[in-house]
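Participant: Now for the letters of each chain:
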Amino acid sequence: MYDRQVMDTVTLTIDGRQVTVEKGRTVLQAAIESGIKIPYYCYHPGLGIDGSCRVCIVKIEKMPKLQTSCSTTVTEGMVVHTRTPEVVEARASVFEFLLINHPLDCPVCDKGGECPLQDFSYSFGPNESRMEFPRRVFDGEGVRADVDFGPTLMLNRNRCILCTRCVRFMREIDTDAQINITDRGYGSEIATFQEQGVHSLLSGNLMDVCPVGAITTKDYRFKARPWDNPEAVDTICTLCEKGCNTTAWIKAKPEWAKGPQLIRMTPRLNPDVNGYWMCDIGRFDYHWIEGDHRLQRPLVRSEAGTLEPTDWTNALSKVADKVTAAGGTGALRFFVSAQASLEELFLIGRLGGAFGLPESGVAVGWRQREKPQPKHAKFKIPPTDAPNVNGARVLGFPVKTGSDGTADISAFRAAVEQGRISALYVFDPGPDGYIGDVSWLVEAKRAGRLPLLIVHGVVMTELASVADIVLPGAAWVEKDAAYVNAQGRLQGASRAMAPPGDAQEDWQVFVNVGLALGAGLTYTSSAAVRADLAATLSANEAFAGLTSLAFSRPVTARHWLQASNPSERWKWDFMFQDLPPVKFAGTPRATSPPQTIALREVD
Amino acid sequence: MDPVLTRYVREPNGHTLDFFLQHQGYEGLKKALAMKPGDVIEMVKASGLRGRGGAGFPTGLKWQFVLKDTPLPKYIACNADESEPGTFKDHVLMERNPHLVFEGCLIGCWAIGAKVAYIYIRGEFYHVQKVLEAELAKAYDKGYVGKNILGTGFDCDIVIHRGAGAYEAGEETALIESFEGKRAQPRIKPPFPAVSGIYNCPTAVNNVETLCNVPGIVLNGVEWYTSLGPDKNFGPKLYCVSGHVKKPGVYEATMKTTLRELIFDYAGGVRDGHRLKAVIPGGSSVPMLLPDQLDIPASFDDVAKAGSMLGSAAIIVMDETTCMVWVAKNLMYFYRHESCGKCTPCREGGDWLYKILTRLENGEGSMRDIDLIASVAGNIAGKTLCPFGDAAAAPALTTVKNFRSEFEDHVREGRCTVPSDWRGWRVAAGAH
Ligand SMILES: Cc1cc2nc3c(=O)[nH]c(=O)nc-3n(C[C@H](O)[C@H](O)[C@H](O)COP(=O)(O)O)c2cc1C
Ligand code: SF4
Ligand code: SF4
Ligand code: FES
Numbered sequence: 001m002y003d004r005q006v007m008d009t010v011t012l013t014i015d016g017r018q019v020t021v022e023k024g025r026t027v028l029q030a031a032i033e034s035g036i037k038i039p040y041y042c043y044h045p046g047l048g049i050d051g052s053c054r055v056c057i058v059k060i061e062k063m064p065k066l067q068t069s070c071s072t073t074v075t076e077g078m079v080v081h082t083r084t085p086e087v088v089e090a091r092a093s094v095f096e097f098l099l100i101n102h103p104l105d106c107p108v109c110d111k112g113g114e115c116p117l118q119d120f121s122y123s124f125g126p127n128e129s130r131m132e133f134p135r136r137v138f139d140g141e142g143v144r145a146d147v148d149f150g151p152t153l154m155l156n157r158n159r160c161i162l163c164t165r166c167v168r169f170m171r172e173i174d175t176d177a178q179i180n181i182t183d184r185g186y187g188s189e190i191a192t193f194q195e196q197g198v199h200s201l202l203s204g205n206l207m208d209v210c211p212v213g214a215i216t217t218k219d220y221r222f223k224a225r226p227w228d229n230p231e232a233v234d235t236i237c238t239l240c241e242k243g244c245n246t247t248a249w250i251k252a253k254p255e256w257a258k259g260p261q262l263i264r265m266t267p268r269l270n271p272d273v274n275g276y277w278m279c280d281i282g283r284f285d286y287h288w289i290e291g292d293h294r295l296q297r298p299l300v301r302s303e304a305g306t307l308e309p310t311d312w313t314n315a316l317s318k319v320a321d322k323v324t325a326a327g328g329t330g331a332l333r334f335f336v337s338a339q340a341s342l343e344e345l346f347l348i349g350r351l352g353g354a355f356g357l358p359e360s361g362v363a364v365g366w367r368q369r370e371k372p373q374p375k376h377a378k379f380k381i382p383p384t385d386a387p388n389v390n391g392a393r394v395l396g397f398p399v400k401t402g403s404d405g406t407a408d409i410s411a412f413r414a415a416v417e418q419g420r421i422s423a424l425y426v427f428d429p430g431p432d433g434y435i436g437d438v439s440w441l442v443e444a445k446r447a448g449r450l451p452l453l454i455v456h457g458v459v460m461t462e463l464a465s466v467a468d469i470v471l472p473g474a475a476w477v478e479k480d481a482a483y484v485n486a487q488g489r490l491q492g493a494s495r496a497m498a499p500p501g502d503a504q505e506d507w508q509v510f511v512n513v514g515l516a517l518g519a520g521l522t523y524t525s526s527a528a529v530r531a532d533l534a535a536t537l538s539a540n541e542a543f544a545g546l547t548s549l550a551f552s553r554p555v556t557a558r559h560w561l562q563a564s565n566p567s568e569r570w571k572w573d574f575m576f577q578d579l580p581p582v583k584f585a586g587t588p589r590a591t592s593p594p595q596t597i598a599l600r601e602v603d
Numbered sequence: 001m002d003p004v005l006t007r008y009v010r011e012p013n014g015h016t017l018d019f020f021l022q023h024q025g026y027e028g029l030k031k032a033l034a035m036k037p038g039d040v041i042e043m044v045k046a047s048g049l050r051g052r053g054g055a056g057f058p059t060g061l062k063w064q065f066v067l068k069d070t071p072l073p074k075y076i077a078c079n080a081d082e083s084e085p086g087t088f089k090d091h092v093l094m095e096r097n098p099h100l101v102f103e104g105c106l107i108g109c110w111a112i113g114a115k116v117a118y119i120y121i122r123g124e125f126y127h128v129q130k131v132l133e134a135e136l137a138k139a140y141d142k143g144y145v146g147k148n149i150l151g152t153g154f155d156c157d158i159v160i161h162r163g164a165g166a167y168e169a170g171e172e173t174a175l176i177e178s179f180e181g182k183r184a185q186p187r188i189k190p191p192f193p194a195v196s197g198i199y200n201c202p203t204a205v206n207n208v209e210t211l212c213n214v215p216g217i218v219l220n221g222v223e224w225y226t227s228l229g230p231d232k233n234f235g236p237k238l239y240c241v242s243g244h245v246k247k248p249g250v251y252e253a254t255m256k257t258t259l260r261e262l263i264f265d266y267a268g269g270v271r272d273g274h275r276l277k278a279v280i281p282g283g284s285s286v287p288m289l290l291p292d293q294l295d296i297p298a299s300f301d302d303v304a305k306a307g308s309m310l311g312s313a314a315i316i317v318m319d320e321t322t323c324m325v326w327v328a329k330n331l332m333y334f335y336r337h338e339s340c341g342k343c344t345p346c347r348e349g350g351d352w353l354y355k356i357l358t359r360l361e362n363g364e365g366s367m368r369d370i371d372l373i374a375s376v377a378g379n380i381a382g383k384t385l386c387p388f389g390d391a392a393a394a395p396a397l398t399t400v401k402n403f404r405s406e407f408e409d410h411v412r413e414g415r416c417t418v419p420s421d422w423r424g425w426r427v428a429a430g431a432h
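Quick mapping for you: the protein sequence lines, in order, are chains B and X. So the first sequence is numbered by the numbering used here: it starts at 1 and just counts up by one. So the second sequence is numbered by the numbering used here: it starts at 1 and just counts up by one.
Everything labelled a hint here was simulated from the structure, so no lab data went into it. Certain hints may be false.
Claimed, not checked - Below 30 Å or equal to it, Euclidean Cα-Cα: the simulated DSSO-like pairs (lysine-lysine) are: (1) X:K189 to X:K232; (2) X:K68 to X:K189; (3) B:K37 to B:K59; (4) B:K37 to B:K65; (5) X:K30 to X:K142; (6) X:K189 to B:K37; (7) B:K380 to X:K182; (8) X:K45 to X:K68; (9) B:K375 to X:K256; (10) X:K189 to B:K62; (11) X:K30 to B:K65; (12) B:K23 to B:K62; (13) B:K400 to B:K380; (14) X:K305 to B:K59; (15) X:K256 to B:K23; (16) X:K68 to B:K59; (17) B:K375 to B:K322; (18) B:K65 to X:K401; (19) X:K45 to X:K189; (20) X:K401 to B:K59; (21) B:K23 to X:K68; (22) B:K62 to X:K182; (23) B:K65 to X:K247; (24) B:K378 to X:K68; (25) B:K218 to B:K258; (26) B:K378 to X:K189; (27) X:K189 to B:K65; (28) X:K31 to X:K256; (29) B:K218 to B:K62; (30) B:K65 to X:K182.
In this text, all values refer to a predicted model and were calculated from it rather than measured experimentally.
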């Protein structure tokens with residue numbers, strides 16, 4: 001996909017323009033890189049070349065027949081034409097063939113508005129159809145033709161243009177070739193063995209690669225249209241230590257409308273981290289953010305023993321009272337999920353310093369779980385379900401791992417179970433379970449071995465339900481925060497939406513808790529925390545980018561495409577060429593970690 | 001010319017190893033194994049042998065292109081998928097002269113440095129496979145195939161692989177894919193099979209008849225071989241004559257023989273009381289020739305000069321009872337059914353053409369449809385990955401070009417106007 005070494009270049013002429021590209025590129029790639037429009041379907045920059053759709057045909061001088069540009073490697077002095085009448089006509093005829101059996105049910109199709117078949121057909125296709133026969137139908141007509149395609153996907157074979165991108169994704173990236181074409185010729189259809197559907201943790205990418213609405217996700221279908229003005233925010237996924245670059249899509253809707261705002265996650269190209277892909281966990285596991293179990297108000301345990309909602313003032317004074325009663329701030333211990341961002345960890349460190357805690361005063365935990373994937377999958381999901389284990393390590397927290405990569409918190413656990421800790425502050429900003437197994441902690445609390453338990457988190461977990469005080473924080477899409485992924489790469493996740501109810505961004509919660517407990521933290525924004533953190537870490541090169549990390553804000557999709565970072569912009573130029581050209585020299589290239597591709601600030 | 005390849009096909013035991021050995025069998029192999037592989041290739045090059053599978057590419061050159069400096073194993077793939085409508089010559093060779101096929105494979109392997117030849121045989125040739133397997137077992141037994149062949153230290157295996165029955169599997173790269181157990185769909189060339197073929201190793205794909213020519217060249221010499229046939233079109237050639245002739249069958253002749261001679265002398269001419277209407281000279285995929293175009297040698301070059309192709313040398317003869325709209329539809333049915341479905345124009349266009357042609361043949365078409373056929377077929381031709389697209393377009397294009405009035409009659413009369421007793425069973429059913 002991306003070659004790391006710099007290679008020789010080749011100069012060729014496309015439509016009279018001299019174009020210099022890296023040796024080994026295809027004519028199609030050369031054209032795309034220079035902003036010359038050639039349509040394509042079977043070609044996908046992340047997959048092998050197939051040469052089957054035939055829409056990318058061009059005229060190359062000295063070659064008798066028209067050639068498919070996706071499968072022709074550039075040579076020095078090559079002269080290519082993409083707009084001669086011969087090419088224009090031939091290309092239109094291929095579009096005619098593609099469309100004679102396509103249902104053209106764009107008004108009810110999920111891809112409508114972001115569909116390469118629509119876009120390219122408008123630009124390159126014939127104006128009208130000469131087809132007078134009924135269209136080919138597989139499983140029924142209209143959306144009834146949508147059939148189950150595994151746990152996450154739906155398939156509509158009528159819309160399929162047989163580009164085989166899905167087949168090649170499964171074969172080349174997932175490496176478990178579950179999809180293939182059955183029958184041949186006119187009867188060809190996409191299928192899985194005995195209609196079992198696709199069972200893969202990478203299945204969502206099939207929706208991305210499918211250039212039409214044939215493969216859609218059950219999660220997103222019928223939820224929004226691109227022109228519903230969804231807003232999009234460049235961010236990163238924090239559900240594991242890979243840190244895939246993603247985009248969170250926000251549905252713009254009237255104030256009174258019910259339902260969630262966050263409607264989908266899509267991968268954002270970063271050749272260094274995730275390429276074009278992301279996994280289904282990151283893509284589909286976002287519903288908890290706006291789910292019923294979100295903590296929206298601080299909770300304090302009443303005399304009657306139930307957790308009652310209250311306001312922040314009351315909750316924070318209760319924190320102060322109870323900590324004092326449990327032996328004062330010096331007795332306070334922290335148990336932190338590695339879901340915590342650098343800023344949050346830094347603030348915990350500041351609190352620990354102010355309270356004079358020993359190094360063992362903070363334990364860091366996370367969940368470790370193997371993801372069932374083919375052994376040779378090209379996109380591997382790491383077992384560590386935390387975005388910032390490395391961040392905690394770099395900040396000097398006692399991050400201990402067992403031989404299998406699990407968090408080793410045995411000393412801390414022993415202290416709790418032996419009743420040696422009188423006041424514990426748990427910070428758990430991830431979804432339920434991501435802090436790791438805490439059933440033993442719940443048990444210790446129930447057994448009365450832990451006098452004071454404060455849980456600062458985002459959902460009503462079992463642990464929160466046994467706490468004395470619960471403080472509502474923000475999910476990762478609700479705050480600007482920085483993380484260090486498994487490669488040691490510093491990346492920023494952006495605030496896409498506000499925390500629900502009275503919940504606050506976590507840096508704010510820590511500042512307030514600090515104030516309540518007499519530690520003078522005076523930050524007024526997460527940026528201020530980052531600036532201080534950067535100053536503290538100025539000797540550490542990996543953190544040089546910390547102050548220049550820019551965070552995106554929701555912008556309308558169109559605006560976002562123009563403003564987003566170069567690598568993402570490049571992908572969209574690739575996929576949807578109808579957008580205004582915002583080109584830049586060359587292609588984004590993999591660098592060596594830990595440099596990041598910086599997000600560009602959006603006005 | 002005395003037949004070379006088919007000389008003994010009528011002998012009851014002509015296909016057996018004993019008979020073969022009594023008639024100079026495996027003598028060519030013996031001679032080849034005494035030569036340097038490079039010299040064998042030079043000899044085949046000098047003989048001018050051209051591939052009999054359809055394209056007429058020089059076989060010696062193809063062998064020379066097979067990558068030499070590589071640690072990878074090399075292979076001969078013998079293309080026995082023979083599925084082109086009207087073609088049945090490889091069938092005869094394999095069934096009646098199997099050891100000649102083996103001998104050709106072995107010499108080919110020796111020449112390019114391969115240790116295995118795979119015979120990819122058409123799915124429907126079950127009965128032929130049985131013969132091949134029985135004879136191959138005998139050849140193994142007697143040491144003509146296998147380890148240390150004829151005591152020369154040359155090891156070479158022959159493996160027979162039967163396909164699942166697809167015309168497209170005859171295309172050389174689709175054959176390789178199918179052989180590897182994948183869908184019979186062509187690969188992008190380059191790389192050519194000579195560089196990256198079976199299991200991505202250098203492979204020479206050769207037609208059955210091509211390989212059968214090789215033992216004779218080695219045994220009898222280049223001079224003998226080039227004395228048969230006109231310049232650049234040397235050697236014995238098998239012609240499959242079918243259709244409205246008195247004696248349809250496989251005929252062996254040199255490429256000096258004219259198409260007219262093949263039809264009228266060899267195959268006994270058109271049925272009594274009938275006139276010749278059109279001839280397809282090289283299997284269904286090539287343009288038709290008209291009766292006044294037949295006085296040309298049936299060679300690769302002369303047929304090409306006449307605007308068609310010798311292809312697989314399947315000469316399909318049609319007399320005046322043949323409805324050309326029906327011919328186009330019939331052949332389109334085949335191509336629609338056999339398209340592998342990879343390329344958009346071939347997959348979608350083939351079906352569309354078939355539908356338009358069916359409508360026309362049923363007398364329900366319009367004049368516009370006639371132009372539409374020409375346009376759609378023209379849009380398929382030249383825009384596909386493999387030559388199948390051109391082949392699929394050919395029947396529609398040449399029938400409309402040469403017999404446009406028949407299409408117009410169908411539109412005007414709302415039925416077929418061609419007298420066709422032999423299709424009487426269809427008269428009651430519809431237009432025919
Ligand atoms: C659609 C298609 C079908 C073909 N079928 C056959 C076939 O059945 N037998 C064959 O020998 N060659 C067939 N060919 C030609 C082969 O691709 C290839 O050129 C040939 O096997 C090479 O052998 P040769 O050089 O000995 O002719 C076919 C080609 C195409 C495009
Ligand atoms: S389902 Fe989509 S990706 Fe797969 S072949 Fe069809 S159009 Fe292409
Ligand atoms: S031209 Fe037809 S048969 Fe050949 S590869 Fe394309 S779809 Fe398959
Ligand atoms: S993009 Fe070139 S053939 Fe499909």
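Participant: State for each hint whether it applies.
Facilitator: So, going through the hints one by one against the coordinates:
no., hint, verdict
1, X:K189 to X:K232, "holds, 26 Å"
2, X:K68 to X:K189, "holds, 19 Å"
3, B:K37 to B:K59, "holds, 14 Å"
4, B:K37 to B:K65, "holds, 20 Å"
5, X:K30 to X:K142, "holds, 14 Å"
6, X:K189 to B:K37, "holds, 25 Å"
7, B:K380 to X:K182, "holds, 26 Å"
8, X:K45 to X:K68, "holds, 17 Å"
9, B:K375 to X:K256, "violated, 61 Å"
10, X:K189 to B:K62, "holds, 17 Å"
11, X:K30 to B:K65, "violated, 45 Å"
12, B:K23 to B:K62, "holds, 20 Å"
13, B:K400 to B:K380, "holds, 24 Å"
14, X:K305 to B:K59, "holds, 26 Å"
15, X:K256 to B:K23, "violated, 49 Å"
16, X:K68 to B:K59, "violated, 34 Å"
17, B:K375 to B:K322, "violated, 51 Å"
18, B:K65 to X:K401, "holds, 22 Å"
19, X:K45 to X:K189, "holds, 23 Å"
20, X:K401 to B:K59, "holds, 27 Å"
21, B:K23 to X:K68, "holds, 26 Å"
22, B:K62 to X:K182, "violated, 34 Å"
23, B:K65 to X:K247, "violated, 41 Å"
24, B:K378 to X:K68, "violated, 33 Å"
25, B:K218 to B:K258, "holds, 20 Å"
26, B:K378 to X:K189, "holds, 26 Å"
27, X:K189 to B:K65, "holds, 14 Å"
28, X:K31 to X:K256, "holds, 29 Å"
29, B:K218 to B:K62, "violated, 49 Å"
30, B:K65 to X:K182, "holds, 28 Å"
Of the hints listed earlier, those the structure fails to meet are numbers 9, 11, 15, 16, 17, 22, 23, 24 and 29, in rising order.
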